[in-house]
Amino acid sequence: MELLQLTLLGGVLALDATSVGQFMISRPLVAGALTGWVIGAPEAGVAVGAILELYLLVSYPTGGSRFPEGATASVVAAAAAHEGSGGALALAVAVGLVWGQLAGSTVTWLRRVNARLLPDPEKGPATAARVVAAHLAAVLLDFARGAAVTIVGVLVARPLVARLASTWPIAADATLGLLLMGGGVSVGILLRDLGGFRRRVAAFVAGFVLVGLGVGLL
Amino acid sequence: MSNGLPRAAVVSAFLRSFLIQGSWNYRSMLGGGFAFAMLPTLRRLFTEQPARQAALARHLELFNAHPYMSNMALGAAVKLEAEGADADTVRRFKLAVRGPLGSLGDGLVWATWLPGVSLLALTLYWMGAPGWVAAATFLVVYNVGHVGLRLWAFRVGLAHGREVGGRLAKADLAGWTERLQGVASMLLGGLVGAVLLGGDGLRAAGPVWVGVAAAAGAAGLLVGHRSWRPAAVTVVAAVVGLSALGWLS
Amino acid sequence: MPIVLYRVDERLVHGQVVIGWGSQLHPDRYVVVDDDLSQSQWEQDLYRLGAGGAEVVFSGCTEARGRLAEWRDAPQRTILLTRDVATMSRLAEGGALNGESIVLGGVHPAPGRREALTYVHLTEKEMADLAVIAAAGADVFGGDLPDSQRVDLDHLRRRWNSSN
Numbered sequence: 000m001e002l003l004q005l006t007l008l009g010g011v012l013a014l015d016a017t018s019v020g021q022f023m024i025s026r027p028l029v030a031g032a033l034t035g036w037v038i039g040a041p042e043a044g045v046a047v048g049a050i051l052e053l054y055l056l057v058s059y060p061t062g063g064s065r066f067p068e069g070a071t072a073s074v075v076a077a078a079a080a081h082e083g084s085g086g087a088l089a090l091a092v093a094v095g096l097v098w099g100q101l102a103g104s105t106v107t108w109l110r111r112v113n114a115r116l117l118p119d120p121e122k123g124p125a126t127a128a129r130v131v132a133a134h135l136a137a138v139l140l141d142f143a144r145g146a147a148v149t150i151v152g153v154l155v156a157r158p159l160v161a162r163l164a165s166t167w168p169i170a171a172d173a174t175l176g177l178l179l180m181g182g183g184v185s186v187g188i189l190l191r192d193l194g195g196f197r198r199r200v201a202a203f204v205a206g207f208v209l210v211g212l213g214v215g216l217l
Numbered sequence: 000m001s002n003g004l005p006r007a008a009v010v011s012a013f014l015r016s017f018l019i020q021g022s023w024n025y026r027s028m029l030g031g032g033f034a035f036a037m038l039p040t041l042r043r044l045f046t047e048q049p050a051r052q053a054a055l056a057r058h059l060e061l062f063n064a065h066p067y068m069s070n071m072a073l074g075a076a077v078k079l080e081a082e083g084a085d086a087d088t089v090r091r092f093k094l095a096v097r098g099p100l101g102s103l104g105d106g107l108v109w110a111t112w113l114p115g116v117s118l119l120a121l122t123l124y125w126m127g128a129p130g131w132v133a134a135a136t137f138l139v140v141y142n143v144g145h146v147g148l149r150l151w152a153f154r155v156g157l158a159h160g161r162e163v164g165g166r167l168a169k170a171d172l173a174g175w176t177e178r179l180q181g182v183a184s185m186l187l188g189g190l191v192g193a194v195l196l197g198g199d200g201l202r203a204a205g206p207v208w209v210g211v212a213a214a215a216g217a218a219g220l221l222v223g224h225r226s227w228r229p230a231a232v233t234v235v236a237a238v239v240g241l242s243a244l245g246w247l248s
Numbered sequence: 000m001p002i003v004l005y006r007v008d009e010r011l012v013h014g015q016v017v018i019g020w021g022s023q024l025h026p027d028r029y030v031v032v033d034d035d036l037s038q039s040q041w042e043q044d045l046y047r048l049g050a051g052g053a054e055v056v057f058s059g060c061t062e063a064r065g066r067l068a069e070w071r072d073a074p075q076r077t078i079l080l081t082r083d084v085a086t087m088s089r090l091a092e093g094g095a096l097n098g099e100s101i102v103l104g105g106v107h108p109a110p111g112r113r114e115a116l117t118y119v120h121l122t123e124k125e126m127a128d129l130a131v132i133a134a135a136g137a138d139v140f141g142g143d144l145p146d147s148q149r150v151d152l153d154h155l156r157r158r159w160n161s162s163n
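Residue numbers (numbering that gives the first Met the number 0), protein chains in the order written: chain A, 0 to 217; chain B, 0 to 248; chain C, 0 to 163.
By construction, these hints were calculated from the structure, which means they are not laboratory data. Model, not experiment: these values are computed from the prediction. Note that the Cβ used here is the ideal one computed from N, Cα and C, for glycine as well. A portion of the hints provided could be inaccurate.
[Stated by the list, open to error] Cβ-Cβ distance ranges computed for the label pairs, FRET-style:
(1) C:Ala85 - B:Trp175: 37 to 45 Å
(2) C:Glu114 - B:Arg166: 37 to 45 Å
(3) B:Gly83 - C:Gly52: 33 to 41 Å
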């Protein structure tokens, strides 16, 4: 039952990223939270989602993007993180990054298929019925793709993470440090994208100080 | 009624715009979705089959823009078709508008609004807010901007048709992007503060990891997007290596 | 400052030109040579939005021929764009573009056109026009971005000949 729920969730979130809506329930933070809720481990889901969100901060859902698919990868990672203690978080994040890459290649495949599904006006008149059928078939196909990528990922990742987490050799603090190193790169890239160090350093420092004070007072 | 079209057709075009990327493909990109969203309008305007097919064909052609901002092209195309604009005008309008709608939307939404709201949520999370609060905050704030932008763009298109250029220049989206980038930079600083100083954060991992993260940040700042993949590969390789080590020992 | 780039691109002032070429060539001004656009205010308004703050001048082909020397001598760095080969070849008449480099990119499929590159499709007439421009002394080649490989006209023609 839980596996079915995760599969459907993967399909729906995959749709949100490009095909339907872009309400961004497909972002890792939300996808992780929803997955955690489905499997009854909400905080573990959010923890994985937050790390992956940090990684994918600089991945925009644009057409030509070669970044991983965050939605299905986050479901797979969050579902696997629940499977053990110790290194489960690190293993789940790594699985998410790898699975996102694989999932991204299925998106490329789908976009080639869509070109053949749609009527090409240069090769003959297009009717309304054919346009509607092709468009909705493409949406359905994306859902099926997301669902398939998710269930295969969950079936592979869960036993793998469960097996390896129990013998994870380093402490939780160091594990988090390792994961946040990757997040650090995202922060640098984003600062560059937002206008560059020179132009944004004042705002950056102001934010740092304000939150630092806030955390100190709390 | 808008432009002589029943309200139902206009509302249907707007609702269908949420599926405009439904058949994203490398030949026509948003072409299939644009034609799909135009269909209720075209059905009412062209009752004869050859004219309807010709209209459908011109909207199936290659079109690309930011999905939210493409609503401006959609609204304007509905108005142009309803007013009986000739096929060449419709085609030239879509060709001219897709560049600015793409670059303005990518800059405002994908490069600024999305990471900005994401930073807000992540900062809350690392400051100690419950996970569901962070996720819900992200969804609510992000979508107020998202749906608002879709509605605004569609209405501007519907009202101004091919003359949207002037209205778009007046709206100064590039200026809004610039201001929001300032706010997002502040949130970025906030996130770093929360991760560094928060309870479960990097401080607990020790100064070595703080130094490593700072070096990673500097690399990202200097190299930009090309540093992302090597960083992800490094983390995955480290996790694989440590797992193997743990398993063997 | 000379005109830093002559380019045939249907999309005119567009991301690939403004971000791709603009970030390397740092133009102050785009000159769009097109008879239809020079008469169409609403289209000019739209194309101006994509120029990232640079000035955009629209000019008919005859007027442009008269102003080439002025643009070449002006202090501004200029990128000159046409959306078809026909306009570029009229601009080049009488050897007006001798010694200049003309880059082809973003000419899409249309009835009568064959593929020369994935991003350049040409009719018989367009191919012949390019040969005339090149024979007069301009350097004509295909290239979508400044960092991507330049494809010489001879190579372009061979690929065009072998596609159907």
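These are the hints, each one checked on the structure:
1. C:Ala85 - B:Trp175: 37 to 45 Å: 40 Å, holds
2. C:Glu114 - B:Arg166: 37 to 45 Å: With a Cβ separation near 38 Å, C:Glu114 and B:Arg166 satisfy 37 to 45 Å, so the hint holds.
3. B:Gly83 - C:Gly52: 33 to 41 Å: Holds, at about 37 Å.
Hint check: no violations occur; every hint is consistent with the structure.
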